[in-house]
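Make a model of the complete structure from these sequences and hints.
Residue numbers (the working numbering), protein chains in the order written: chain A, 3 to 259; chain B, 171 to 392; chain C, 4 to 224; chain D, 4 to 63.
Derived from the structure by calculation, the hints contain no laboratory data.
Glycine residues also receive a C-beta, built at the ideal position from the N, C-alpha and C atoms.
Each hint should be verified, as a subset may be incorrect.
Said to hold, decoys possible - Subject to a maximum C-alpha distance of 27 angstroms in a straight line, what follows is the list of computed DSSO-like cross-link-like pairs (lysine-lysine): (1) K7(A) with K128(A); (2) K133(C) with K99(C); (3) K165(A) with K99(C); (4) K251(A) with K38(D); (5) K60(D) with K246(A); (6) K165(A) with K24(C); (7) K99(A) with K251(A).
Claimed, not checked - Which residues of chain B face chain A? A few of them, derived with a C-beta cut under 7 angstroms, are: (8) V336; (9) P339; (10) A382.
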Amino acid sequence: MNPLKSIWNFLSSTYHRLGSPREFYTISQYTTPVFGFLFLALSLFGTYFGLFVAPADYQQGDSFRILFVHVPVAWMSLFVYVVMATAGAIGLIWRMKMAFVVTICSAPIGAAFTALALLTGSIWGKPIWGTYWVWDARLTSELILLFLYFGIMAVYYAFEERKTAEKATALLAVVGVVIVPIIHYSVEWWSSLHQGPTVFVEGGPKMPPEMLLPLAFMAVGFMFFYGYALFLSMQAKVLDNERKSRWVKEIVSDKTR
Amino acid sequence: MKNTLVLYFQREWQLMFRNTSSMIQPLVFFIIIALLFPFSLPAEGALLQKIGGGVIWVSAVLATMLSLESMFHSDYQDGTLEQMLIHPRSLPLAMLGKALAHWTSTGLVLTAFSPILCITFNIPNEQIWVLFSGLMLGTPSLSLIGAIGAALTVTLRRGGVLIAIVILPLYIPILIFGAGMLSQSAQGLEVASQLYALAAILMLSLTLTPFAIAGALRVTIN
Amino acid sequence: MPNSLAPNSKQISAAQLSAIKLCCQRGDNQLFDSVSFDVSAGQCLHVTGPNGCGKTSLLRILCGLNQPESGKVLWQGDEISGNNTFFANCAYIAHKEGLKNELTAIENLRYYQQLDSRRDEVVLDRLLAKMGLLQCADLLAQNLSFGQRRRLSFARLLIAEFPLWILDEPFTGIDSSGRALIESLCVAHLENGGGIIMTHHQSLNDSPLNRYRSELALAKA
Amino acid sequence: MNWSEFFHMGGYAFEVWTCWGLTLAVLICFVIYPKRRNARIRSEILRQIHREQLDQKNDA
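Right, dumping it as structure tokens:
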């Protein structure tokens with residue numbers, strides 16, 4: 003059997019195994035620490051290069067080091083939204099319980115990343131623009147994305163019945179992901195209307211390698227953090243959802259016996 | 171066999187004429203909100219003119235949003251919504267009919283009335299036309315996208331607030347292009363690009379939102 | 004689309020609904036588990052059980068409104084979810100009658116008639132006469148009595164050909180003449196090859212439906 | 004590489020360290036919160052199991 007076929011079989015079999023909460027729980031028990039370790043390794047590496055090794059920027063001085071945190075977090079806020087919407091779509095189309103759990107558990111993490119991107123962006127903007135908030139296209143898009151996350155979490159907690167709440171949240175996530183690019187372009191046009199393209203050009207025309215390397219490490223590191231935090235909160239959610247089933251009782255009792 | 175869209179549009183019209191309050195309330199609400207601003211900015215003719223477009227657009231958005239809850243509420247209460255869900259006729263087409271009928275009772279009425287409000291904001295005459303065309307193109311998308319929120323929250327007792335949280339961020343592109351047209355035409359620039367953008371958003375919502383509304387109803391009614 | 008001839012003059016397509024190991028959950032507790040049964044032409048399934056045992060949820064699953072936790076519902080062999088032929092052949096009368104209060108009795112019926120077939124005033128008048136609602140045809144639905152509203156919602160079943168009728172407590176709040184009328188319509192429907200699934204808190208032993216009756220008892224969760 | 008100059012961050016100490024501090028804080032609480040929630044749910048389930056065992060003992 004050619005390798006491609008076997009990879010595809012492996013992927014589809016894990017996909018189906020992940021479909022059942024019990025399988026997910028056993029798989030996540032050994033993948034979560036792996037994600038945690040990779041996150042630590044990559045982000046420490048990125049931090050060391052970003053804070054110690056990378057030379058100060060000729061224009062912004064050392065304040066540009068915030069870039070190694072602001073940019074990965076901003077990318078993650080969008081990445082988490084897309085993952086949340088795809089999981090929602092999978093849940094709605096193929097009725098996979100676990101896909102809804104991914105959507106529900108990713109929402110708070112995505113909202114945290116977005117809020118973080120806003121905070122670090124405005125703090126970084128202080129030395130450059132002199133104020134904490136400027137209606138810059140990217141910051142405004144992040145602000146709207148934060149409201150979208152709040153909308154999704156508000157919908158989930160609005161319904162009493164858990165199953166309806168999950169499906170409604172998934173549907174809103176899918177609708178949101180269609181509208182996010184429209185919001186992005188309308189804000190882009192709107193901010194150019196107010197003042198010309200801002201001087202706040204992220205990372206300059208071409209990032210020198212000693213700046214690009216830590217940024218890449220931090221970005222990938224944060225992705226693994228997302229995986230780690232997501233799996234942790236999904237484990238808690240799965241135990242809570244399947245509280246009445248036998249396998250949960252076994253896992254809980256034998257762990258502490 | 172009458173087309174589903176026409177059938178549901180006519181049904182909504184018939185129901186709206188039976189209780190005309192659903193036509194008048196959004197209009198009165200729209201006027202009151204818009205007129206609050208001149209009271210809060212005494213004798214600032216120039217300033218009023220500058221913010222007039224934005225104020226009228228925000229009042230139109232708020233008036234539409236507040237009338238969204240009634241779109242599915244009465245059908246859900248008396249069981250007709252469930253009959254629609256299990257009827258062989260295409261639900262998305264039916265929802266398109268309902269949303270467009272809702273637009274005629276809110277968006278269209280507000281747009282028809284907006285020139286009068288422009289006068290109170292002493293917006294020059296040529297810009298009244300710009301605002302009118304923007305509202306005409308934008309308000310249907312407001313009703314269509316808002317219908318998704320209405321469908322999602324139809325089973326909730328206090329769904330109104332949730333609709334605002336969920337739907338207002340989705341209205342931002344329409345608001346940006348709509349209100350932006352006024353400031354562009356004030357500087358004498360061309361507003362064609364904003365009209366194209368609003369028309370594009372309208373086409374998108376006409377084709378995509380009915381499926382989202384039908385999906386939302388199937389998800390929440392069980 | 005089935006046309007609008009009166010039901011007892013034409014053989015309608017045979018009703019054949021089968022439920023396989025249906026299981027339904029409300030919140031965290033299980034309502035019923037692995038419920039299987041078949042409803043064929045001329046059969047009236049009487050679903051019984053204490054309050055809150057999921058009778059209404061079962062009916063909502065059978066008519067396609069709700070998805071079961073697990074298990075399948077088949078209409079003439081194929082799944083009912085998204086199956087338009089099933090929706091065309093099944094009619095569901097719930098507690099909520101599905102009547103608009105702002106519309107008059109005849110307008111409500113006209114709306115349902117236009118949904119299923121062409122507008123035809125003659126058929127409407129004959130139907131209202133049959134259900135004994137002719138004198139209140141132009142009254143607003145909100146001004147009708149509870150029994151009249153039940154008859155009006157029941158009249159909807161006769162507008163077009165629905166081989167399968169799913170009725171939720173059809174006899175509650177109806178006077179004896181109304182009940183006799185509805186029982187005769189059900190018997191005619193069953194004679195004509197239709198199928199009925201209904202819930203009713205009293206037993207049907209003494210009613211003419213008893214001959215066609217088979218029972219499904221849902222145990223308390 | 005003296006530490007005082009490093010922490011000074013070329014005059015932007017406040018901005019750089021609040022950003023990095025905030026990020027670290029958010030990351031940490033998104034690790035601690037799920038872990039604590041996990042433990043709380045486990046203990047709830049455990050209590051539920053003990054209650055069920057008690058019922059079985061009384062019934063038996």
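We went through each hint and held it up to the structure:
Only pairs whose Cα atoms come within 27 angstroms are accepted, and K7(A) paired with K128(A) is rejected, the gap being roughly 54 angstroms. Straight-line distance between C-alpha atoms of K133(C) and K99(C) comes to about 22 angstroms, which keeps the hinted pair within the 27 angstroms bound. Taking the CA atoms of K165(A) and K99(C), the gap is near 23 angstroms; set against the 27 angstroms cutoff, the hint holds. With a CA separation close to 18 angstroms, the supplied pair K251(A) and K38(D) stays within the 27 angstroms bound.
The straight-line distance between the Cα atoms of K60(D) and K246(A) is roughly 20 angstroms, inside the 27 angstroms bound, and the hint therefore holds. Between the alpha carbons of K165(A) and K24(C) the distance comes to roughly 20 angstroms, so the proposed pair stays at or under 27 angstroms and holds. Using a Cα cut-off of 27 angstroms, the hinted pair K99(A) and K251(A) holds, with the two alpha carbons roughly 20 angstroms apart. Given the 7 angstroms rule on beta carbons, the hint for V336(B) holds: about 4 angstroms separates it from the nearest Cβ of chain A.
Hint on P339(B) holds. Least Cβ distance to chain A is approximately 4 angstroms, under the 7 angstroms limit. The criterion of a C-beta within 7 angstroms of any C-beta in chain A is met by A382(B), whose closest approach is roughly 5 angstroms, and the hint holds.
Figure legend: structure checked against the earlier numbered hints; the only hint not met is number 1.
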